[in-house]
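J.: Sequence:
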Amino acid sequence: MRSTNRYLRALCLLFLFCFISLGAFAQTISVRGTVKDEAGRGLAGAVVSVMGTNNAALTNEAGEFTLSNVSPSAKLSVFLISYQGQEIDVNGQTVLNIVLQEDATTIEAVSVSVGYGTMRRSDLTGAVASVSSDAINKSVVTSIDQVLSGRAAGVQVQQNSGMPGASSSIRIRGVNSLNASTEPIYVIDGVVIPGGTSANTNPLASINPADIASMDILKDASATAIYGSQGSNGVIIINTKRGQKGRATINYNGYVGWQELPVHLDVLNLREYATIRNIKADEGLLNYSNDFVRPDLLGEGTDWQKELFNVAMMHNHNLSVSGGTENVTYNLTAGYSNQDGIAEGSGFRRLNISGSFDARLNDWLRAGINFGFSDTKQKMTVSDQSLVLMAIRSNPYVPVRNVDGSFGMPENNWMPANPIALSLLVDNHNHNLGARANTFVELTPTFVKGLSYKTEYSFDLNFYNNYRFVPTYYLASWNFRDVNEKTESKQMNIYYSWRNIVTYDRQFGKHKITAMLGQEMSKSSWEYLMGSRTGLPTNGATDLGLGDATKATNDGYTGASALLSYFGRVFYSFDDKYLVTATLRRDGSSKFAPAKQWGWFP
1 MRSTNRYLRA LCLLFLFCFI SLGAFAQTIS VRGTVKDEAG RGLAGAVVSV MGTNNAALTN
61 EAGEFTLSNV SPSAKLSVFL ISYQGQEIDV NGQTVLNIVL QEDATTIEAV SVSVGYGTMR
121 RSDLTGAVAS VSSDAINKSV VTSIDQVLSG RAAGVQVQQN SGMPGASSSI RIRGVNSLNA
181 STEPIYVIDG VVIPGGTSAN TNPLASINPA DIASMDILKD ASATAIYGSQ GSNGVIIINT
241 KRGQKGRATI NYNGYVGWQE LPVHLDVLNL REYATIRNIK ADEGLLNYSN DFVRPDLLGE
301 GTDWQKELFN VAMMHNHNLS VSGGTENVTY NLTAGYSNQD GIAEGSGFRR LNISGSFDAR
361 LNDWLRAGIN FGFSDTKQKM TVSDQSLVLM AIRSNPYVPV RNVDGSFGMP ENNWMPANPI
421 ALSLLVDNHN HNLGARANTF VELTPTFVKG LSYKTEYSFD LNFYNNYRFV PTYYLASWNF
481 RDVNEKTESK QMNIYYSWRN IVTYDRQFGK HKITAMLGQE MSKSSWEYLM GSRTGLPTNG
541 ATDLGLGDAT KATNDGYTGA SALLSYFGRV FYSFDDKYLV TATLRRDGSS KFAPAKQWGW
601 FP
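1 is the number of the first residue of the sequence shown in the UniProt record's numbering; add one for each residue after it.
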């Protein structure tokens, strides 16, 4: 009897469970729909899932999906790499049309700049390397050319000088010429900046690395052909940060640190020097000196490496404000960087202000501008007398300064002069001012799907000023100046360009085509003026006009060049498996004779 009751209770529970299951099944629905981008193109590979369950589906090539057994009150999650995810309430709907917006924080991971446009990394047929914004933000560098060191395969970076703010030599495609420059060009928001800067001057140092959003390196002929004659040594494309939709946010980042030599060369101190000198005197190679009779009573003497190489402090600060609405976004940044040089007499200071504004005026018209202003100062130590070699060879017996405050001098003519004196006496510094801007207007007509037209105007203006004063001094019988000298030089560089680009980007089933036609005209002009005078009244009077006018020297030159270009690129992809890219450019340069000004660059 008891067994029969247990059997009946189990049977009732089974029937009850079946009714509950049938009721639950009867309350589910099937949901279908499409996932598209802002341009109305279907997005393949998007994951549409019912939150809290394992029920999910992938969109097909047209962006279509179907989900079964979905609760009318469920919430769906839509995810696709490089797009902003969405959470959508079903609310009993059986058809959903979903539009995803590109996510600017991840798009750079799958798209790269290829010159006058961008492409998905998976669609590339040329050699392009990229440096992520995270790597740039984590780097502690003064100039953007130093960001590439060790961060891009096949790119060799060699610093031309150890002074803060000095340039680096970059080789992307090896050494292509015995005499001409092998430096790449830099394209910063459409502004072309040539490489090949000298060891002391570096226009790239005026740009704050914290302003960089992406950096792409075009390495082989296929990738650089779009830049024609300018891209023979490679192209480095740099895009600066722009504003993002959302509430206004204020961000500060900075650091304080120091630099020092990891190791000093092992040289003799004063006691060791005295011991060796006495041994040589015993051998008859040197005369005895009463100063070195008891080496054990002597101190360490002058450590010239320690005196010349400092623990150099460095600090960097950046303050930015960004935000925007659906139609207007903005970004403003102010930066300050100060770096002392490890070598005595060197240092670098930079002030930056940069910003961008973008506005969508209506469904088919967009406009924007980004700009930057810079003020840099670079203090350079003496580079023509090898201070490092002097410090290694200098006698530990010689003090940096004597008791009366004068600089110590070597005891004979074959010892080097006081390197600290040279680094402090000679004043050599640069003061540079720069401004650059890029403005654009973009039209996307609604009557031709996938078609866009963009016109851009860019300019780059730089003023370079160098001031050098060499006073009268006497450091040795072979190292002295009995006449002081003041030299000033000023250079102004102006660059501007105007670009017009038409792009057609469509996908038809498994076929994807992107075609671009463009025209660009650019002009560069420069002006240089130098003046020098000797015989200033005192070492404290450093105005150029106070020198001897009868012994004045001067130099100067002006120049200009222009470039007119027509270019095009066609990309075709079938099923994301078979890719073809064709590029052609025609350049006309004023640098050549009229009959030789034009050339094709496929």
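Hints listed in this document are in silico derivations from the structure and should not be mistaken for laboratory results.
Some clues are possibly wrong.
[Said to hold, decoys possible] Restraint-style ranges between C-beta atoms, simulated for each label pair:
#1 Pro445 with Met530: 49 to 55 angstroms
#2 Ala135 with Phe447: 39 to 45 angstroms
#3 Leu564 with Leu424: 32 to 38 angstroms
#4 Ala135 with Met415: 33 to 39 angstroms
#5 Arg121 with Leu319: 31 to 37 angstroms
#6 Ala135 with Asp548: 53 to 59 angstroms
#7 Ser149 with Phe447: 37 to 43 angstroms
#8 Ala135 with Met530: 39 to 45 angstroms
#9 Gln156 with Asp282: 35 to 41 angstroms
#10 Tyr528 with Met415: 14 to 20 angstroms
#11 Tyr528 with Arg121: 28 to 34 angstroms
[Claimed, not checked] When the alpha-carbon atoms are kept at most 25 angstroms apart in a straight line, the in silico DSS-like pairs for lysine-lysine are as follows:
#12 Lys510 with Lys377
#13 Lys36 with Lys577
#14 Lys36 with Lys490
Predicted, not measured: the structure shown is a model, and the values here were computed from it.
Virtual Cβ for every residue (Gly too), placed ideally from N, Cα, C.
J.: Next step is simple, just say for each hint if it's right about the structure.
T.: Each hint, compared with the structure:
Roughly 53 angstroms separates the CB atoms of Pro445 and Met530, a value that falls within the hinted 49 to 55 angstroms. Evaluation of the 39 to 45 angstroms hint for Ala135 and Phe447 yields a pass: the beta carbon distance comes to about 43 angstroms. Here the CB-CB span from Leu564 to Leu424 is close to 51 angstroms, at odds with the stated 32 to 38 angstroms. A beta carbon spacing of about 47 angstroms between Ala135 and Met415 contradicts the range 33 to 39 angstroms that was offered as a hint.
Between Arg121 and Leu319 the beta carbons are some 33 angstroms apart, a value that agrees with the proposed interval 31 to 37 angstroms. The hinted range of 53 to 59 angstroms is satisfied by Ala135 and Asp548, whose Cβ atoms lie roughly 54 angstroms apart. Against the hinted window of 37 to 43 angstroms, the Cβ-Cβ separation of Ser149 and Phe447 comes to about 49 angstroms, which falls outside the hint. At roughly 40 angstroms, the beta-carbon separation of Ala135 and Met530 lies within the given 39 to 45 angstroms, and the hint holds.
Against the hinted window of 35 to 41 angstroms, the Cβ-Cβ separation of Gln156 and Asp282 comes to about 52 angstroms, which falls outside the hint. Roughly 40 angstroms separates the CB atoms of Tyr528 and Met415, a value that falls outside the hinted 14 to 20 angstroms. Take Tyr528 and Arg121: their Cβ atoms lie about 43 angstroms apart, and the range 28 to 34 angstroms is violated. For the suggested pair Lys510 and Lys377, the alpha carbons sit about 56 angstroms apart, so the restraint of at most 25 angstroms is broken.
Between the alpha carbons of Lys36 and Lys577 the distance comes to roughly 22 angstroms, so the proposed pair stays at or under 25 angstroms and holds. Annotation: proposed proximity of Lys36 to Lys490 is violated, straight-line Cα distance about 56 angstroms (limit 25 angstroms).
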